[in-house]
Structures are given as C-alpha cells and as structure tokens.
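*Asks:* Chains A and B, in that order, give the protein sequences. Heads up: the first sequence is residues 31 to 347, going by this note's numbering. Heads up: the second sequence is residues 31 to 347, going by this note's numbering.
Hints in this document: simulated from the structure, not taken from any laboratory. Don't take every hint at face value.
Given that identical chains are not distinguished, each listed pair holds provided it fits within a single copy or across any two copies.
Claimed, not checked - Cut-off 20 Å, straight-line C-alpha distance, at most; resulting in silico cross-link-like pairs (SDA-like, lysine to any residue):
(1) Lys156 with His234
(2) Lys254 with Gly177
(3) Lys254 with Lys264
(4) Lys254 with Thr290
(5) Lys238 with Trp53
(6) Lys238 with Met250
(7) Lys88 with His175
(8) Lys243 with Ser150
(9) Lys318 with Asp190
(10) Lys269 with Asp258
(11) Lys158 with Ile247
(12) Lys254 with Asp277
(13) Lys335 with Gly291
(14) Lys254 with Ala276
(15) Lys243 with Asp190
(16) Lys269 with Ser255
(17) Lys335 with Ala108
(18) Lys269 with Lys295
(19) Lys269 with Ala131
(20) Lys95 with Ala287
(21) Lys243 with Gly141
(22) Lys254 with Gln270
(23) Lys269 with Gly257
Computed from a prediction, not measured in an experiment: that's the story for all the values here.
Listed below are the residues making up each chain.
There are 2 protein chains.
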Amino acid sequence: MIHSPICNILGIEKPIFQGGMAWIADARLAAAVSEAGGLGLISSIQAGTEAVRAEIRKARERTEKPFGVNIMLAAPNAAEIADLVVEEGVRIVTTGAGSPAPYIERWLAAGICVIPVVASVAYALKMKELGATALIAEGAESGGHVGELHTMALVPQVVDAVDLPVLAAGGIFDGRSAAAAFMLGACGVQVGTRFLVADECHVHEVYKARLIKASDIGTMVTGKSLGDAVRSLKTPFAKQFARMEADPSVSADEIRAFGTGSLRKAVFDGDLSGGSFLAGEVAGLIRKREPAAAIVNDIMDGAEKVLAQANNLIYGS
Amino acid sequence: MIHSPICNILGIEKPIFQGGMAWIADARLAAAVSEAGGLGLISSIQAGTEAVRAEIRKARERTEKPFGVNIMLAAPNAAEIADLVVEEGVRIVTTGAGSPAPYIERWLAAGICVIPVVASVAYALKMKELGATALIAEGAESGGHVGELHTMALVPQVVDAVDLPVLAAGGIFDGRSAAAAFMLGACGVQVGTRFLVADECHVHEVYKARLIKASDIGTMVTGKSLGDAVRSLKTPFAKQFARMEADPSVSADEIRAFGTGSLRKAVFDGDLSGGSFLAGEVAGLIRKREPAAAIVNDIMDGAEKVLAQANNLIYGS
Chain A
31 MIHSPICNIL
41 GIEKPIFQGG
51 MAWIADARLA
61 AAVSEAGGLG
71 LISSIQAGTE
81 AVRAEIRKAR
91 ERTEKPFGVN
101 IMLAAPNAAE
111 IADLVVEEGV
121 RIVTTGAGSP
131 APYIERWLAA
141 GICVIPVVAS
151 VAYALKMKEL
161 GATALIAEGA
171 ESGGHVGELH
181 TMALVPQVVD
191 AVDLPVLAAG
201 GIFDGRSAAA
211 AFMLGACGVQ
221 VGTRFLVADE
231 CHVHEVYKAR
241 LIKASDIGTM
251 VTGKSLGDAV
261 RSLKTPFAKQ
271 FARMEADPSV
281 SADEIRAFGT
291 GSLRKAVFDG
301 DLSGGSFLAG
311 EVAGLIRKRE
321 PAAAIVNDIM
331 DGAEKVLAQA
341 NNLIYGS
Chain B
31 MIHSPICNIL
41 GIEKPIFQGG
51 MAWIADARLA
61 AAVSEAGGLG
71 LISSIQAGTE
81 AVRAEIRKAR
91 ERTEKPFGVN
101 IMLAAPNAAE
111 IADLVVEEGV
121 RIVTTGAGSP
131 APYIERWLAA
141 GICVIPVVAS
151 VAYALKMKEL
161 GATALIAEGA
171 ESGGHVGELH
181 TMALVPQVVD
191 AVDLPVLAAG
201 GIFDGRSAAA
211 AFMLGACGVQ
221 VGTRFLVADE
231 CHVHEVYKAR
241 LIKASDIGTM
251 VTGKSLGDAV
261 RSLKTPFAKQ
271 FARMEADPSV
281 SADEIRAFGT
291 GSLRKAVFDG
301 DLSGGSFLAG
311 EVAGLIRKRE
321 PAAAIVNDIM
331 DGAEKVLAQA
341 NNLIYGS
C-alpha cells in the first residue's frame with residue numbers, strides 16, 4: 031500500500047484528497063472518500079454558512095475518519111466559515127481563491143492543518159511563510175479556476191521552492207497519473223473531476239452523462255479576459271461565453287452577468303445552455319459511474335501497480 | 031540504464047529525443063544528442079532545402095549514431111524535404127504541423143521510421159491508420175505550437191487509444207518529469223526547451239540568458255485568435271502580440287505581419303521587441319548552460335534514480 035508523509039500528518043490511510051468542489055462536495059461524497067481511506071473535503075460553497083455546518087455534522091455521522099473543509103476565500107462569507115471550522119472542531123482545511131493570511135494563525139493555534147492550493151512558486155513561498163502545513167500544487171489541467179502552469183511543470187518547481195509536503199492536482203485520473211505525480215516529487219494527489227461521476231456525488235444526471243461522453247478535447251478554458259480563467263466542458267454555455275469574450279461589443283459586466291449562477295445551473299439543473307459544467311482535461315478518460323471507494327481504490331491500487339513496475343524499465347542497474 | 035522498446039526500434043541507447051526546433055535544431059546540436067545516446071533531430075526549417083541537406087551531411091560527419099529529421103509539413107518546401115530525406119538515406123523522421131499522408135507510404139517503403147507529433151486522440155488514431163512507427167504525444171506545456179491538452183492528461187489517453195509506442199513531450203525537463211512520463215505509459219520522452227541552453231545550441235546569447243532568468247510563470251500562449259497558438263517567453267514582443275490580439279481595431283493580417291520572421295529575430299538577433307522566444311513551461315527550471323550530453327545524462331540518470339526509488343513509496347507490498 032502506498033504510504034507517504036501526508037498520511038502521518040493527517041492521520042489518513044491513503045494519500046489522496048477529493049477536491050472540495052463548490053456546490054458539489056458535500057457530506058455524502060466527502061464521507062465516502064474518507065471512509066475509503068482518502069481525505070474527503072466539504073466545500074464551503076453551499077447554501078450559506080449554516081448549510082456548511084450541517085454538512086460537517088452530517089459527515090461526522092457518516093465517518094469517524096478524518097475529513098476536511100475547502101474554504102473559498104473569495105466568498106462573501108469566508109470570515110464566517112473561518113470561524114465555523116474552529117467552532118466545529120474541523121482538523122483539516124484546504125484553501126483556494128484568496129489568501130488565508132487573515133485566518134491562518136487562529137487555525138493553526140486551534141490545531142487545524144492548513145493546506146492551501148497554489149498555482150505558482152511565488153504563491154507557494156508566501157503560503158510557506160504564513161505557516162502552511164502542506165500545499166496542493168494545482169495545474170491548469172484541473173476543472174474550475176485555473177492558473178497558468180500545468181502539473182508536469184508546476185509540481186517540480188513548487189517542490190524545489192518550498193520544504194513542505196506537496197500534493198499534486200490537475201490531470202490526476204488513475205494509477206498512472208497518480209504514480210506520475212509521485213515521480214514529480216508529490217507526496218499525494220488531489221482528484222476532482224473523476225469524483226463527479228461517483229455514486230455519492232449529487233450533480234445532475236446530465237452533468238454525469240456529459241462527463242462520460244466527453245472526448246479528450248472536451249474541455250475549454252473561458253474567462254481569461256475577465257482575469258478569472260475557468261475550465262469546463264465545451265457546452266453551448268461555455269461556447270457562448272467564449273463568443274461573448276471575443277466580441278468587443280460585449281462588456282465585461284455583461285459577460286459576468288451571463289455567468290452568474292451558472293455553476294448551480296449545471297450542478298442542480300443540468301442546464302446545458304445556462305450552466306457551467308466545470309471539469310478537468312481528464313474528462314475524456316471517464317467511462318463509468320462508480321462508488322467513490324472504487325475510484326479511490328482504482329487510483330491508489332493502480333499507482334501501486336505502476337510504481338512496482340518502474341524497475342522493469344531499468345536494465346542492468 | 032533505462033531501456034524501452036523505442037530504443038530497439040530506432041537503434042538508440044537512451045529513450046530521449048531532442049525536439050527538432052525550427053531554425054534551431056541543426057547538425058551540431060542533433061549530433062551531440064545522438065552521440066550522447068539519445069536521438070538528435072535536425073529541423074527541416076533552415077535556410078532552404080539545400081541547407082537541410084547540408085545539415086544532414088554535417089551530422090553524419092559528426093556521429094555514426096542514428097539521428098533524424100523533423101519535418102514541418104506546413105512549410106512551403108515540405109514536398110522537397112520529403113524527397114530529400116529519402117535521397118539522403120535518413121532513417122528516422124518526425125513530423126509536425128500537418129499530415130504526413132502524402133509522403134508516408136514512400137517513407138515507410140524506404141525503411142524510414144515515421145514518428146508524427148500528435149496533440150489529440152483523433153490525430154493519434156489517424157496517424158496509426160497511416161502506418162506511423164510510433165507517436166510523440168505533445169502536451170501544450172511545450173514551447174512553440176501547442177494543442178489543447180497537457181501532458182498529464184494527453185499521454186494516457188493516447189496510450190489507451192493506439193497500440194503504438196508513445197513518447198511524451200511537453201513539460202519534460204529532468205529525471206522527475208521523464209520518470210513521470212514513463213508512469214503515464216510513455217516509452218520515451220522528447221525534450222526541447224532545455225536543449226536551448228546546450229553549449230552546442232546556436233541560439234543567440236540573449237535567448238539563453240532569458241531562459242536562465244525565466245520564472246515559473248515566464249511563458250505565455252499567444253496566437254489563439256489566429257488559430258495558431260504558440261508558447262513563448264513573456265517578452266515585450268509576446269506581450270505586444272497579445273495586446274494586438276485583444277484589440278478589435280487590429281486585423282488578423284496586421285497581427286500575422288507583426289509575427290512574420292519573429293522566430294529568426296529571436297534565434298539569430300536576440301531581438302526582444304521583434305523576436306518570438308519560443309519556450310515551454312519548464313523554462314523556469316533552467317538554471318545553467320551545459321553540454322547537450324550533460325542534459326541527456328542528467329535526465330536519464332535522474333529518471334533512473336527516481337524510478338528506482340518508486341518502491342520506497344510502497345509499504346507492505
């Protein structure tokens with residue numbers, strides 16, 4: 031069984047996190063991943079702060095194993111959520127879309143492991159300075175908000191720059207990419223897109239069907255012109271968004287208005303013309319629905335198998 | 031020593047190709063890589079067809095080991111080059127920027143191994159059907175012309191789709207990324223950017239200095255609006271190109287005119303305001319000039335070391 035320092039730090043069996051996807055990652059999905067030995071994460075983006083509290087409590091009913099909360103720091107209720115995780119005794123927090131600087135001292139004092147998502151070396155260094163426990167280096171292969179660098183180039187640069195445990199995210203789908211991440215120097219992986227088709231994931235059936243149908247070039251990045259690049263499936267909505275960005279007669283405000291609420295329209299309504307179906311480049315590899323535990327095990331068992339064969343490449347050593 | 035099927039097919043010692051970079055990859059660089067046990071490639075983009083012939087002959091004087099020619103099929107003299115490689119008895123051809131369909135039968139009949147660069151599953155399948163010997167799956171981390179997918183997601187999808195040896199390109203810099211490529215199912219790697227600072231590489235000193243200075247986020251992609259996406263260093267030229275693309279008052283023809291000859295201005299003149307300094311995302315990892323052989327050995331020895339440690343991750347197996 032694959033074991034890495036992040037397992038000891040967090041008290042988990044398998045060095046795999048489930049991405050804390052906004053409006054998607056709830057108690058049911060997170061608990062299923064944690065029960066399978068990985069780290070489930072609940073998103074702070076639910077229907078309000080109290081809804082997050084309810085999900086944390088539900089997750090605790092479903093599993094005694096560690097799970098965490100992903101806090102989107104750009105959200106209006108970020109400060110409330112920052113309090114909430116302390117109140118609720120959450121042990122692990124991942125952060126994205128903003129700096130955890132206003133909260134991190136308090137979290138660390140409360141014994142919370144703080145693991146920011148980073149997309150560049152400069153940001154990794156800043157997080158190290160703030161006292162982060164570990165980092166998730168996320169390449170722009172990922173679904174949702176993306177940076178400039180991709181996993182193959184990003185992870186080694188972050189690993190070289192900071193003396194912290196680094197997990198790899200973006201482009202991780204199965205044992206092969208997980209094993210590749212370890213070769214790059216990561217001590218674990220975070221997987222988002224593949225968990226979208228987990229039986230325990232509540233996204234709309236249309237969302238799941240589109241992921242299973244997606245080809246290798248089934249995703250695109252929009253929002254760069256707004257300084258807010260996002261990877262999603264190439265749906266009518268995403269194509270329209272891109273057309274609006276390319277049209278000089280459409281203002282940034284109009285484009286933002288078009289995008290408002292689009293993630294919920296995808297997740298809850300399966301609305302292809304109004305919804306943003308966030309997904310990573312690995313969408314093309316998704317073939318079937320399966321339980322979250324089967325996904326965790328396929329990735330980790332697969333990685334073990336691939337890593338065990340690594341020596342076969344080396345002759346005469 | 032790492033050995034893979036591509037070594038046997040091509041008669042090379044080490045499963046590493048040097049990218050056949052336009053205006054850059056000449057006899058000196060290619061022969062140095064081949065002498066080090068990898069596969070050197072001469073670009074078909076030189077000062078005319080006869081210049082390519084001269085480079086092939088020069089390479090043969092410098093090494094008795096296999097080397098190849100990379101043919102840019104969109105170039106006006108592609109048909110001439112297609113003849114030339116047969117006339118000159120070249121044994122290995124890699125192709126990019128277009129389909130080798132008009133030439134491949136003749137090449138294969140002449141005993142040439144044909145290895146197209148692919149950026150998607152559909153193109154990989156097409157190349158397999160044409161009779162390609164192997165494929166290079168190139169992720170958009172690479173310098174120069176880029177597709178939509180990145181290495182971590184692209185390589186496994188190409189490996190799953192075609193029953194051919196697949197090399198990985200894009201984001202490959204050292205032993206870590208080479209080992210990662212093997213984990214993804216590749217049987218070899220192609221490296222471009224890092225060879226730009228090789229002692230045997232003739233690019234302008236300013237080009238080399240900029241690569242050594244580049245940070246992790248030192249590259250950008252331009253040309254998407256023209257259907258011709260290219261990754262290069264973030265120079266004044268590249269930023270101006272991007273501004274022109276974003277400006278609705280600038281026509282596509284004006285942008286193309288601005289870009290004409292820009293690669294040569296970078297390679298030969300080190301012209302930061304007029305030159306396109308093509309480079310991949312790994313530019314941020316480049317720290318020093320060194321001989322091509324040192325690069326080959328660092329990557330392959332590093333990969334061997336990293337792969338040999340893979341078992342350390344697995345406890346109790």
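*Asks:* With reference to the structure, classify each hint as holding or not holding.
*Replies:* Status of the hints after comparison with the structure:
{"no.": "1", "hint": "Lys156 with His234", "verdict": "neither (38 Å within a copy, 35 Å between copies)"}
{"no.": "2", "hint": "Lys254 with Gly177", "verdict": "both (10 Å within a copy, 17 Å between copies)"}
{"no.": "3", "hint": "Lys254 with Lys264", "verdict": "both (15 Å within a copy, 16 Å between copies)"}
{"no.": "4", "hint": "Lys254 with Thr290", "verdict": "within (16 Å within a copy, 26 Å between copies)"}
{"no.": "5", "hint": "Lys238 with Trp53", "verdict": "within (15 Å within a copy, 46 Å between copies)"}
{"no.": "6", "hint": "Lys238 with Met250", "verdict": "within (17 Å within a copy, 33 Å between copies)"}
{"no.": "7", "hint": "Lys88 with His175", "verdict": "neither (27 Å within a copy, 49 Å between copies)"}
{"no.": "8", "hint": "Lys243 with Ser150", "verdict": "between (32 Å within a copy, 16 Å between copies)"}
{"no.": "9", "hint": "Lys318 with Asp190", "verdict": "between (37 Å within a copy, 16 Å between copies)"}
{"no.": "10", "hint": "Lys269 with Asp258", "verdict": "both (16 Å within a copy, 19 Å between copies)"}
{"no.": "11", "hint": "Lys158 with Ile247", "verdict": "between (35 Å within a copy, 19 Å between copies)"}
{"no.": "12", "hint": "Lys254 with Asp277", "verdict": "both (14 Å within a copy, 15 Å between copies)"}
{"no.": "13", "hint": "Lys335 with Gly291", "verdict": "neither (42 Å within a copy, 49 Å between copies)"}
{"no.": "14", "hint": "Lys254 with Ala276", "verdict": "both (11 Å within a copy, 11 Å between copies)"}
{"no.": "15", "hint": "Lys243 with Asp190", "verdict": "between (38 Å within a copy, 16 Å between copies)"}
{"no.": "16", "hint": "Lys269 with Ser255", "verdict": "both (14 Å within a copy, 14 Å between copies)"}
{"no.": "17", "hint": "Lys335 with Ala108", "verdict": "neither (41 Å within a copy, 44 Å between copies)"}
{"no.": "18", "hint": "Lys269 with Lys295", "verdict": "within (16 Å within a copy, 36 Å between copies)"}
{"no.": "19", "hint": "Lys269 with Ala131", "verdict": "neither (36 Å within a copy, 32 Å between copies)"}
{"no.": "20", "hint": "Lys95 with Ala287", "verdict": "neither (41 Å within a copy, 61 Å between copies)"}
{"no.": "21", "hint": "Lys243 with Gly141", "verdict": "neither (43 Å within a copy, 40 Å between copies)"}
{"no.": "22", "hint": "Lys254 with Gln270", "verdict": "both (14 Å within a copy, 17 Å between copies)"}
{"no.": "23", "hint": "Lys269 with Gly257", "verdict": "both (18 Å within a copy, 16 Å between copies)"}
Taken one by one, the earlier hints fail for this structure at numbers 1, 7, 13, 17, 19, 20, 21, listed in ascending order.
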